[in-house]
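J.: These are the residues of each chain, in order.
2 protein chains.
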Amino acid sequence: MNRALSIRSNRNRSGSQNKRASGGGGSAFSFSSLRGNIQPELSRKLYRLIKAENNLISAHEAAGRERISIATQLSEWGEHTGDDAISDISDKVGVVLSEMGELEDGYAHDLDDSRAMLKAIRNTERSVQPSRDNKNKIADEIQRLKVKEPQSTKIVVLEQELVRAEAENLVAEAQLTNITRQKLRDAYEAEFTATIERAEKQILLAKHGRRLLQLLDDNPVVPGDLRAEYPHAQQARQILNDAEDDLRDWQPQHDEFGFAAPQEQQPVSRVSTGEQPTKDVKGKGKMVDNDENMSMARTDSRTEGGSPLRGDDRTVEGSVGQGETTL
Amino acid sequence: MNRALSIRSNRNRSGSQNKRASGGGGSAFSFSSLRGNIQPELSRKLYRLIKAENNLISAHEAAGRERISIATQLSEWGEHTGDDAISDISDKVGVVLSEMGELEDGYAHDLDDSRAMLKAIRNTERSVQPSRDNKNKIADEIQRLKVKEPQSTKIVVLEQELVRAEAENLVAEAQLTNITRQKLRDAYEAEFTATIERAEKQILLAKHGRRLLQLLDDNPVVPGDLRAEYPHAQQARQILNDAEDDLRDWQPQHDEFGFAAPQEQQPVSRVSTGEQPTKDVKGKGKMVDNDENMSMARTDSRTEGGSPLRGDDRTVEGSVGQGETTL
Numbered sequence: 001m002n003r004a005l006s007i008r009s010n011r012n013r014s015g016s017q018n019k020r021a022s023g024g025g026g027s028a029f030s031f032s033s034l035r036g037n038i039q040p041e042l043s044r045k046l047y048r049l050i051k052a053e054n055n056l057i058s059a060h061e062a063a064g065r066e067r068i069s070i071a072t073q074l075s076e077w078g079e080h081t082g083d084d085a086i087s088d089i090s091d092k093v094g095v096v097l098s099e100m101g102e103l104e105d106g107y108a109h110d111l112d113d114s115r116a117m118l119k120a121i122r123n124t125e126r127s128v129q130p131s132r133d134n135k136n137k138i139a140d141e142i143q144r145l146k147v148k149e150p151q152s153t154k155i156v157v158l159e160q161e162l163v164r165a166e167a168e169n170l171v172a173e174a175q176l177t178n179i180t181r182q183k184l185r186d187a188y189e190a191e192f193t194a195t196i197e198r199a200e201k202q203i204l205l206a207k208h209g210r211r212l213l214q215l216l217d218d219n220p221v222v223p224g225d226l227r228a229e230y231p232h233a234q235q236a237r238q239i240l241n242d243a244e245d246d247l248r249d250w251q252p253q254h255d256e257f258g259f260a261a262p263q264e265q266q267p268v269s270r271v272s273t274g275e276q277p278t279k280d281v282k283g284k285g286k287m288v289d290n291d292e293n294m295s296m297a298r299t300d301s302r303t304e305g306g307s308p309l310r311g312d313d314r315t316v317e318g319s320v321g322q323g324e325t326t327l
Numbered sequence: 001m002n003r004a005l006s007i008r009s010n011r012n013r014s015g016s017q018n019k020r021a022s023g024g025g026g027s028a029f030s031f032s033s034l035r036g037n038i039q040p041e042l043s044r045k046l047y048r049l050i051k052a053e054n055n056l057i058s059a060h061e062a063a064g065r066e067r068i069s070i071a072t073q074l075s076e077w078g079e080h081t082g083d084d085a086i087s088d089i090s091d092k093v094g095v096v097l098s099e100m101g102e103l104e105d106g107y108a109h110d111l112d113d114s115r116a117m118l119k120a121i122r123n124t125e126r127s128v129q130p131s132r133d134n135k136n137k138i139a140d141e142i143q144r145l146k147v148k149e150p151q152s153t154k155i156v157v158l159e160q161e162l163v164r165a166e167a168e169n170l171v172a173e174a175q176l177t178n179i180t181r182q183k184l185r186d187a188y189e190a191e192f193t194a195t196i197e198r199a200e201k202q203i204l205l206a207k208h209g210r211r212l213l214q215l216l217d218d219n220p221v222v223p224g225d226l227r228a229e230y231p232h233a234q235q236a237r238q239i240l241n242d243a244e245d246d247l248r249d250w251q252p253q254h255d256e257f258g259f260a261a262p263q264e265q266q267p268v269s270r271v272s273t274g275e276q277p278t279k280d281v282k283g284k285g286k287m288v289d290n291d292e293n294m295s296m297a298r299t300d301s302r303t304e305g306g307s308p309l310r311g312d313d314r315t316v317e318g319s320v321g322q323g324e325t326t327l
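Note that the protein sequences, when read in sequence, are chains A and B. So for the first sequence, UniProt numbering puts the first residue at 1; every next one is plus one. So for the second sequence, UniProt numbering puts the first residue at 1; every next one is plus one.
Warning: the hint list may mix true and false statements.
Same chains, same names: a pair is fine if it fits in one copy or spans any two.
[Said to hold, decoys possible] SDA-like, lysine to any residue: derived pairs with alpha carbons at most 20 Å apart: (1) 119 - 72; (2) 51 - 142; (3) 51 - 61; (4) 51 - 127; (5) 51 - 69; (6) 154 - 173; (7) 119 - 48; (8) 51 - 62; (9) 135 - 157; (10) 137 - 173; (11) 119 - 218.
Hints were generated in silico from the structure; no laboratory data involved.
All chains should be modelled from the sequences, with the hints used to inform the complete structure.
T.: So, in structure tokens, the structure goes:
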């Protein structure tokens, strides 16, 4: 991170009056800024942030969609080359890419859930604004009367009103701080959790994708020589099975950065045990000689535990995934 | 993966004549389809795929850009709340999000590199097409003459030409298969490697992000109560330092799915040792009591090895990162 440790620092240098100007809507007149302005002052910044979140979500959705489209195109291109090896590998790499695209799309949906939590803050901000305004308006009115008509009986009535308004506002402000802190934590906890899930699953897929690429013999041929027959169809299919198993068995890791009531010193000092961010890729030592096993493993819709390979997997994983929390 | 093990299967069911029609540009007339059609038949599919890759890259660029914008907005919103805890945490979560956005942008660039490799295949396809066409044209012409003017002396000349054209095409086809296999592997190897890098780094960031959120006390207050003073500024800063260290120390893992000359059976059976996909997040057992150390660690532009914490890190990591390959 080649930046300062605050993202705000650049703006701070230009002075606070500058900031206040832009916060008050100092930008040029436009329809979009008009629409922003109908938000009460208090919720305006978050209103815009939530709109920007929408763009972020759309971008990830688009990335997922394009990835899936490319996956299909890659497979069809490969078939079209008339080269068995390229045809098979491109098709199976296509399956992996397509699954990566689905994960990207799922990520977009998770971001949308996080966005909904920020909306709860914005809605509270919006509802607290009239309470603040009312309190201030009464205080101003009292001030005005004290100067203009110091003997007015309205002052006493207004002072009673002010006490009530202050009490009401006290509740509103407590609601605001409670909702803001809780939902801010929830929203970004959800976002970081979704980021980790997408990342861990995409790592699994990418590693199996690399295994597939290894099956493509790219030794150059001289003109007139024929390529040797493609011998890896079975292995390629097994790799997809492994990938499928890995994705199905994936579990969120209960790391120690997860939620707990924060206590002084503890959050940093307690993260002292080793845990593994992502699970290991399966398929290690998994190539079995037994043809019977292989053909069982290859059936596309085999049932949970139906393959003799599965028990084997768990053993491999159990010894490697040292930090995995059992649920 | 709740799909068939081929991404092609759906289309195959609809029959091959269907496929041929769409492959031949059966879509409605439009400028974009016209432009696609000026590509020779051989390179048309890849030409379209490469265009789709462009959309994918743009989507990831947009995601990165929006993420960085949101990060700044989050920080500014937090400052605006007037709540010290929210202000500090939102600013530092903003730094983490912003770095995630930078990674997304870097990923887009890596995808662009991968796309350039696919272009090398497309260019070869494009240049091989005339060679195929020429060979076929001469063969057709010989066939036509043999029927119409079987005594023509042109036939002998054309047959010599055909032998030359076939030799030329033999070279072209060898070039095509060599380039196609090599660049296909390279392109997707690069893409999967980039996917893993983005994922591993984003996992590091997300985990530190979750540590930051833990510092935000979200216990509800009752109306009129004041929030306790925010005590975690130093810890929050340390978390950013940890994140920065982790990103700087990140190395690609030389896993065994990486490139090696593929040999029968080996690619699957040799992946039998345990390695860790991602490194562990730092900052474990790292909270030191020594204030001197802390303040050194907090200087933004400290030099490599300048902080006493760094040696400590390496020890922690050395014992945890069991699968890390030393370079």
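J.: Can you give me the call for residue 51 and residue 62, within, between, both or neither, at a CA distance of at most 20 Å?
T.: The answer is both: 17 Å in one copy and 14 Å across copies each meet 20 Å.
J.: Using 20 Å as the alpha-carbon threshold, which applies to residue 154 and residue 173: within, between, both, or neither?
T.: Neither, since 27 Å and 97 Å both go past 20 Å.
J.: Treating 20 Å as the Cα threshold, decide for residue 51 and residue 127: within, between, both or neither.
T.: Classified as within; 19 Å inside a copy, 48 Å across copies.
J.: How do residue 137 and residue 173 come out at 20 Å by Cα distance, when the copy is not named: within, between, both, or neither?
T.: within (17 Å within a copy, 83 Å between copies)
J.: I want to check one pair: residue 135 and residue 157. Are their C-alpha atoms no more than 20 Å apart within a copy, between two copies, both, or neither?
T.: Intra 14 Å, inter 102 Å, cutoff 20 Å: intra-copy only.
J.: Can you tell me if residue 119 and residue 218 fall within 20 Å by alpha carbon in one copy, between copies, both or neither?
T.: So residue 119 and residue 218 pass the 20 Å test across copies only (17 Å; inside, 53 Å).
J.: I want to check one pair: residue 119 and residue 48. Are their C-alpha atoms no more than 20 Å apart within a copy, between two copies, both, or neither?
T.: Within one copy only: 11 Å inside a chain, 40 Å across chains, cut-off 20 Å.
J.: Should residue 119 paired with residue 72 be assigned to within, between, both, or neither, using CA atoms and 20 Å as the limit?
T.: between (37 Å within a copy, 18 Å between copies)
J.: When no copy is specified for residue 51 and residue 69, does a C-alpha distance of 20 Å or less occur within a copy, between copies, both, or neither?
T.: between (27 Å within a copy, 11 Å between copies)
J.: At most 20 Å between C-alpha atoms: does residue 51 with residue 142 qualify within a copy, between copies, both, or neither?
T.: Close neither inside one copy (40 Å) nor across copies (68 Å); limit 20 Å.
J.: Classify it for me, residue 51 with residue 61: is the Cα-Cα distance of at most 20 Å met within a copy, between copies, both or neither?
T.: both (16 Å within a copy, 18 Å between copies)
Figure legend: structure checked against the earlier numbered hints; hints not met, in rising order: 2, 6.
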